[in-house]
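Colleague: As a plain string of letters, each chain reads:
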Amino acid sequence: MNFEFSDEQRQLHDAVERYLTEQYSFDRYQSIKRSAAGWDPSIWRGLAELGVLAITVPAAQGGLGFGPLETLAMMGDCGRSLLLEPVLSSAVIATAVLRAFAAETPAAQLLAGMATGEKIAVLAHFESDARFESQWVTTRARRTGDSYRLDGHKGVVMHAGAADTLLVSARVAGEAGDAQGVSLFLVPRAAPGVVLDAYPTVDGQRAADVYLQNVELPVGSRLGPEGKALAAVDAALDIGLAALCADAVGVMQALVDATVEYLRVRQQFGQPIGRFQALQHRVAEMLIHLEQARSMSYLAAMRCTDENVGERRRALSAAKAVIGQAGRFVGQQAVQLHGGMGMTDELKVSHWFKRLTAAQLMFGDSDTHLQRYAALTRA
Amino acid sequence: MRAVGPYALPFRREAMEAGWQFDPTREPPGPRYASTLAAAYFNQRKLSIFGGTNEIQKNIISKMIGL
Chain A
0 MNFEFSDEQR QLHDAVERYL TEQYSFDRYQ SIKRSAAGWD PSIWRGLAEL
50 GVLAITVPAA QGGLGFGPLE TLAMMGDCGR SLLLEPVLSS AVIATAVLRA
100 FAAETPAAQL LAGMATGEKI AVLAHFESDA RFESQWVTTR ARRTGDSYRL
150 DGHKGVVMHA GAADTLLVSA RVAGEAGDAQ GVSLFLVPRA APGVVLDAYP
200 TVDGQRAADV YLQNVELPVG SRLGPEGKAL AAVDAALDIG LAALCADAVG
250 VMQALVDATV EYLRVRQQFG QPIGRFQALQ HRVAEMLIHL EQARSMSYLA
300 AMRCTDENVG ERRRALSAAK AVIGQAGRFV GQQAVQLHGG MGMTDELKVS
350 HWFKRLTAAQ LMFGDSDTHL QRYAALTRA
Chain B
0 MRAVGPYALP FRREAMEAGW QFDPTREPPG PRYASTLAAA YFNQRKLSIF
50 GGTNEIQKNI ISKMIGL
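Residue numbers (numbering that gives the first Met the number 0), protein chains in the order written: chain A, 0 to 378; chain B, 0 to 66.
These aren't lab readings, by the way, just hints derived from the structure by calculation. Please read all numbers here as calculations on a predicted model, not as lab measurements. Check the hints yourself; a few may be wrong.
What the hints assert, rightly or not - Every beta carbon over 12 Å from chain A, so not counted as near; a handful from chain B, in silico: (1) Glu-16; (2) Ala-17; (3) Gly-18; (4) Trp-19; (5) Gln-20; (6) Tyr-32; (7) Met-63; (8) Ile-64; (9) Gly-65.
To be verified - Stretches of chain A that chain B covers, calculated by requiring three or more beta carbons in the stretch to come under 8 Å of a beta carbon on chain B: (10) 62 to 73; (11) 195 to 201; (12) 333 to 345; (13) 351 to 362.
We treat Cβ as the ideally placed atom computed from N, Cα and C, and that holds for glycine.
Build the full structure now, drawing on both the sequences and the hints.
Modeller: Written as structure tokens, this is what we have:
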């Protein structure tokens, strides 16, 4: 099989890499991380001008209509640059959700605004007791006449504070755990009754727990037919999972590069520490993990839109399990081989390590995905 | 961290302070004990580094056994 990027994919990758190299230095990242908002609108505009925010928006809404492979081509650069802006949350995941409903005007309008960078949307789906189980939706939507009232709590919603619109899943029928009976609603973040408990995450990104208290919405803010939105949520989460894997592989590559460089220059006992076989073998193991992870990220990107849900899920779970284990090894060893310096805030190594650790906890950890892989293999 | 899943992600700086008590009027998201897990994990990286890294200790052990 040919795994070379097409010319178009390579151009996209090169453009994003160049932009982030020039505009997203480590100092810039540090100052954005410490800012009140935790993301930078001028960077967001720059990404919009590059087309990054439009790549998976359909052409009918002013987007480029690209797919997971193009997403993969640029996500690695986002990881390496420690990008804090909500590319994954808005330009990948929320965009994927809205594409499923693009035949309807509200979703189409929002997509058009997201393609230009004017609008930011994020999916608010997982709940505090869900433990990565997508069907565990207890947030309720009650219909009275021409409006819905939403009540519930969404946990660790990435970049909720940056969003204009939250795509909130809520149950119109059935009980937590049922596959049917879940609808999606376009909820303005500033709507009365929407309360955000916002915080930074351990890797310097932003998230919030979102509380919905008697949030009144017009019927038109519901996406698609009533109670049938979960398939679209799951499809979007799978696309997001593949993109997160590509981000993590970009981080691992950066850690291997930085560690190799450090072993070349750091002198101990009168020679570069890279001369010691124990450390040479360690870096070789890091590289092996990285290459396995990279291969799995390609598999995830190729399969994440597969219509055969079982095959899709199996490939994605395999990828997430392998990448989680690889990330743990590469991250820990990069810190170890840098010694005490690897733990400091002044070195990018510690920040990459934290980003990898956070990625392991998102969309299900390696244990969860190993279990799911086993269950799907038995099925 | 694996046990609390996504609730290992929120970073509460105040939870790192010595003698920090939960403010009952401001509950953290997720279980209370989750707030410091990730920070502890990151901090524990030092154990295999300080006072002579694991690699140095293994060098000493291998010398000790005559290699």
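Colleague: Over 12 Å to the closest beta carbon of chain A is the bar; see if Ile-64 of chain B clears it.
Modeller: holds (16 Å)
Colleague: Is the nearest Cβ of chain A still more than 12 Å from the Cβ of Trp-19 of chain B?
Modeller: holds (15 Å)
Colleague: Would the non-interface assignment of Ala-17 of chain B survive a Cβ cutoff of 12 Å against chain A?
Modeller: For Ala-17 of chain B, whose nearest Cβ neighbour in chain A is about 20 Å away, the distance exceeds 12 Å, so it holds.
Colleague: Taking the closest pair, is the beta carbon of Gly-65 of chain B still more than 12 Å from chain A?
Modeller: Non-interface label stands for Gly-65 of chain B: nearest chain A Cβ at 18 Å, farther than 12 Å.
Colleague: Looking at Glu-16 of chain B again, its CB stays over 12 Å from all of chain A?
Modeller: Non-interface label stands for Glu-16 of chain B: nearest chain A Cβ at 16 Å, farther than 12 Å.
Colleague: Taking the closest pair, is the beta carbon of Gln-20 of chain B still more than 12 Å from chain A?
Modeller: Answer for Gln-20 of chain B: holds, closest chain A Cβ roughly 18 Å.
Colleague: Taking C-beta pairs only, is Met-63 of chain B more than 12 Å away from all of chain A?
Modeller: Per Cβ check, Met-63 of chain B is outside 12 Å of chain A; nearest 16 Å; holds.
Colleague: At a Cβ distance under 8 Å, does chain B reach at least three residues of the segment 62 to 73 of chain A?
Modeller: violated (count 0)
Colleague: According to the definition I'm using, a residue is off the interface if its beta carbon is farther than 12 Å from all beta carbons of the partner; does Gly-18 of chain B meet that for chain A?
Modeller: Holds, because the least Cβ-Cβ distance between Gly-18 of chain B and chain A comes to about 21 Å, which exceeds 12 Å.
Colleague: In terms of beta carbon proximity below 8 Å, does the segment 333 to 345 of chain A have 3 or more residues touching chain B?
Modeller: holds (count 6)
Colleague: Quick one: see if chain B covers the segment 351 to 362 of chain A, three-plus residues with Cβ-Cβ under 8 Å.
Modeller: Holds, because 6 residues of the segment 351 to 362 of chain A bring their Cβ atoms closer than 8 Å to Cβ atoms of chain B.
Colleague: Can the segment 195 to 201 of chain A be counted as covered by chain B under the rule of three residues or more with Cβ-Cβ separation shorter than 8 Å?
Modeller: holds (count 5)
Of the numbered hints given earlier, the model fails hint 10 alone.
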